[in-house]
Amino acid sequence: MTTKVVMEALSPTMEEGRLVEWKKQEGDAVAVGDVLAEVETDKAVMELVARAAGTLLKHVVEAGATVPVSELVAVIGEAGEAVSEEAGKRGGGEAKRDSGTAGQADSGAAGQRGSKDSQATQPSPGQNRPVSMPPAPPTAAVAAEQRPSAKPPAREGNGAKAAPGRVKASPLARRIAAERGVDLVGVTGSGPEGRVVARDLETAVATAPVSSRPAPSGATASAPLPRRPADVPYTDVPLTQIRKTIARRLAQSIGPVPTFYLTSEVDMERVAEAREALRAAGKREGGEAGTDAKVSFNDIIIKAVAMALRQHPACNSWWQDDHIRYWNEVHVSMAVAVEEGLITPVIRHADQKTLREIAAESRDLAARARERRLKPEEYTGGTFTVSNLGMLDIDEFTAIINPPETGILAVGRMAEKPVAHDGAVAIRRRMRLTMSCDHRVIDGATGAQFLKTLKGMLENPLALVW
Amino acid sequence: MATQFDVIIVGGGPAGYVCAIRAAQLGLATAVIEKDKLGGVCVNIGCIPTKALLHSAYVAGLVAHDAKDLGIEVGSVKTDYGVAMRRSRKVSEQNSKGVEFLMKKHKVTVVKGTGVLGPNRTVRVGKDEYQARKAVVLATGSRVKGIPQIGLEINKSTVISSDEALFLETHPKTLAVVGAGAVGCEFADIFHAFGSKVTLIEALPRILPLEDAESSDALTKSFKKRGVTVIAGAKVKKATVAKDKVTLEVETGGKTESIEAEKVLMAAGRAVNTENLGLQEAGVQLTDRGFIKVNPATLETSAPGVYSIGDVAGPPMLAHKGSREGIVVAELIAGHHPQPIKYDNVPSVTYCHPEVASIGMTEDQAKERKLEYQVGRFPFSANGRARTAGETEGFVKIIRDKKYGEILGAHIVGGHASEIIHELAVARQNEYTVEEVDLAIHAHPTLSEAIAEAALDSMGRVVHI
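Protein chains in written order, with numbering that gives the first Met the number 0: chain A, 0 to 465; chain B, 0 to 464.
Bear in mind the hints are in silico, worked out from the structure with no lab data behind them.
Values in this document were obtained by computation on a predicted structure and should not be read as measured data.
Just to be clear, a hint being listed does not mean it is correct.
Stretch by stretch, here's where chain A covers chain B in the computed footprint (C-beta under 8 Å, at least three residues) [unchecked claim]:
| hint | stretch |
| --- | --- |
| 1 | 411-425 |
| 2 | 429-436 |
Simulated restraints on C-beta separations [unchecked claim]:
| hint | chain 1 | residue 1 | chain 2 | residue 2 | range |
| --- | --- | --- | --- | --- | --- |
| 3 | B | E418 | A | D235 | 49 to 59 Å |
| 4 | B | K104 | A | A43 | 56 to 66 Å |
| 5 | A | P191 | B | H54 | 32 to 42 Å |
| 6 | A | P191 | B | E248 | 22 to 32 Å |
| 7 | B | H335 | A | Q319 | 52 to 62 Å |
| 8 | B | P339 | A | E46 | 34 to 44 Å |
| 9 | A | P191 | B | A212 | 41 to 51 Å |
| 10 | A | P191 | B | H463 | 53 to 63 Å |
| 11 | A | G380 | B | Q364 | 49 to 59 Å |
Positions of the beta carbon are idealized from the N, C-alpha and C atoms, including for glycine.
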């Protein structure tokens, strides 16, 4: 007889888990309690353990797949035993109705959810999640109630049960736990049959709120970001569980776009020198190319931003609600004040254009923007925005992110300031940059690294042509 | 040699007899000592006969006022309190017999007489001594009380209590009811329906002072509409008791008013039966307010092995609270680990018309505790079933915790409020939030739909208004 192994709800708020790595391979012998796989939940990477002994007959999903709770992930049985076609297939509903296998204890809301998800979103193993996802349950409460949470109940004997029971908890207890970040799995229930009730949470220690957890390193947070040739304009990466939780929590806290701000002061002496040199060269060239040499500070900043974005793809991204789109192309929007507001014409492939091209294009776009003669495709599709109020004598400011973009750079005025330079006080031209970051995608360190790169490029403009 | 039992229960009311049944179910040799009839106040001179009379009152009102509208011509309507009273007695007797039967069925020994507690879990009844091996449970209950300080001592002729009211052959022409809690309101309702001119007097600012202010207001309105005089925030300063009438001096709002009535019904509280029980000798302490002091978790008194349940063990003085304590204490004595009693989840019901039922906090209590809450309301005037029955008075009110959706309190005024409150009792017991109440599909058309609507309204999503 075979026993099905399903994705367990390893935390009370877990709705699906990403199977990070199989710890047992097909054909391996397993004992009850053996770690079968590592599963990334919305909180952490946890272990999926065997609830039955035997031989791991089949991996139903491959490492990397995201699987809704209570869906089949593997089959355990006797060595050499044939895996029935039915048992070897994922498909929550059918699997659950199969009375021949013990342990499909999960029922009710959990079961329904599982099967619903499997139809709507079932990813084939190893592939990215489909772009469209079913909408979230209409209200938080519904979600809370339907959220299956499980801990394996105390078992007598070795029963060939594959599915976990659920954490028994009252709806109120579930809500309070979710709010406080308490993991119900660790709470001893004092209600009937060990049901967790609200009073049990009075003493329960809250695990650290998710939002205050240290941000993971880039590599863990999101799969390695590919550098692809330009024939693939972008890469969609499914949201990891932690990214989802960060997104949800931060949005709850601050509004639709959970924004934070990073400010850095940049020494602009060398940019100013470079600009002077370019202008002088332009004058010498004269004639046809003469106008093109009118390069502005903003053009240089756009070029530097585009180059920096190349190195920091996390900042060159779109928040797409259920996934993050990392752009392999860099399209820098520039905010242009117009009579009735502002518009953001886009300099496409800014990272691949020369300063001269950018300068010409930005002048053209800005002029036509003021005349309201831009075509829609000229002001949509940006991957990052630069907004400059320096010409209006603003020292520094914070700009509002233009969704689905996840970052915007607010450029302040360039001003002469006494600063410490080479061990002496010197008057230098300085400029403040403030980056607004969508925390759902860009973590503090990620944004700071981008800004550091940008600052480095501006302080050493040769890097732009390196 | 003392007769031995595992458990001896003093008092055979709804706390004591239920405790006895549960103890017997758990295999304990059990005795109940009862000086009067089994079933106690509830069955004999409380819950049951008053509900029988209230049903008569309901029918009287229906026939007199609504029948014609419903297409039923009945001619002139004549009421006879004596007949209604004798019917209520029959119901009580049947119920008391029912308890006797239950005692036999569960092999509980019933000892007739007054039990007096002795040392070491002994109880004397007259000359006989009984020894409890495991526990003695005191369930001696409570009784009505007068206010002798102002001349309102119960004399059983002009100044009466519910005990006497339940045995009157005729209704008094005029009746003053002192105290507008559940008992006062119910008797005001009964006697008004049988033709008495009723004045209902309450010392606190509103009738049913323990209920939500909106419930009090709704009932006041209904009483006044029917012609019951309601005087709340009124102090009875002095009573002059004559042979065939009582004159009350009532101070209200700075004015003193004189109210004359053929009879005064005292419904201003109850006294617990703690006297002549041998409590002091056995080391059983009382609380400041005169109740037997118990550990709320175990219901054990200050004397080891002596427990107390029901009215005598503290408020709320309600039969169903006593019964629950009876079950829990029997299980504790048998070594089980019962779920603790949620004293904040004891429903409270007044069976007058319209009925008033509640569970949990009132809005004022939620306010006092500075809780963040949201009120949901639904009037029965917008409920189809209520309209079909012509009972559109009242409402459902749900007080929801803003953050978690917990049902902090629920209040129902209306026909069958006593029945439909239990949906919310179950919800609260299981910690369902308003959303689970809404998600449960309610049959149409029912009064209970008003509960679902009130739940929705607390979330700002009411459908039918």
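Status of each hint after checking the structure:
| no. | hint | verdict |
| --- | --- | --- |
| 1 | 411-425 | violated (count 0) |
| 2 | 429-436 | holds (count 6) |
| 3 | E418/B <-> D235/A: 49 to 59 Å | 57 Å, holds |
| 4 | K104/B <-> A43/A: 56 to 66 Å | 57 Å, holds |
| 5 | P191/A <-> H54/B: 32 to 42 Å | 36 Å, holds |
| 6 | P191/A <-> E248/B: 22 to 32 Å | 55 Å, violated |
| 7 | H335/B <-> Q319/A: 52 to 62 Å | 56 Å, holds |
| 8 | P339/B <-> E46/A: 34 to 44 Å | 36 Å, holds |
| 9 | P191/A <-> A212/B: 41 to 51 Å | 35 Å, violated |
| 10 | P191/A <-> H463/B: 53 to 63 Å | 35 Å, violated |
| 11 | G380/A <-> Q364/B: 49 to 59 Å | 58 Å, holds |
Of the numbered hints listed earlier, those contradicted by the structure are 1, 6, 9 and 10.
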